Amino acid sequence: MSDCDKKTDDIPDHCKLASNAAADKAVREVFKLIEVDVDDQKSVKEFREDLRFGGRMRKYTERGMIVAVTVITGAVILAVWEGIVMKIKQIIS
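Numbering (our numbering), first residue to last: 14 to 106.
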């Protein structure tokens, strides 16, 4: 069993430092791939705003689909109702 396989309380400082450095490097590389400079607060802020905008667009799209389905359903029901009313008027006349 190596030093890095021990329980959390018993982890040597060099293992903690190595794992933190590896995690930091991995995060930086991922953000670099999506062209976000984690050292530039302006870049990070812009990235957050982009994420929020995407979230809002997703919600608006979902709501828009609900509205579209509601309008189409209402139009079909109205068309059926108008057809029924026309038939009743033809029968009465």
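One or more of the hints may lead you astray.
[Claimed, not checked] Using 27 Å as the maximum straight-line C-alpha spacing, the simulated DSSO-like pairs for lysine-lysine come out as follows:
| no. | residue 1 | residue 2 |
| --- | --- | --- |
| 1 | LYS29 | LYS55 |
| 2 | LYS38 | LYS55 |
| 3 | LYS58 | LYS45 |
Quick caveat, the hints were computed from the structure, so don't treat them as lab data. Please read all numbers here as calculations on a predicted model, not as lab measurements.
- prompt: What hint numbers does the structure not satisfy?
  reply: 1
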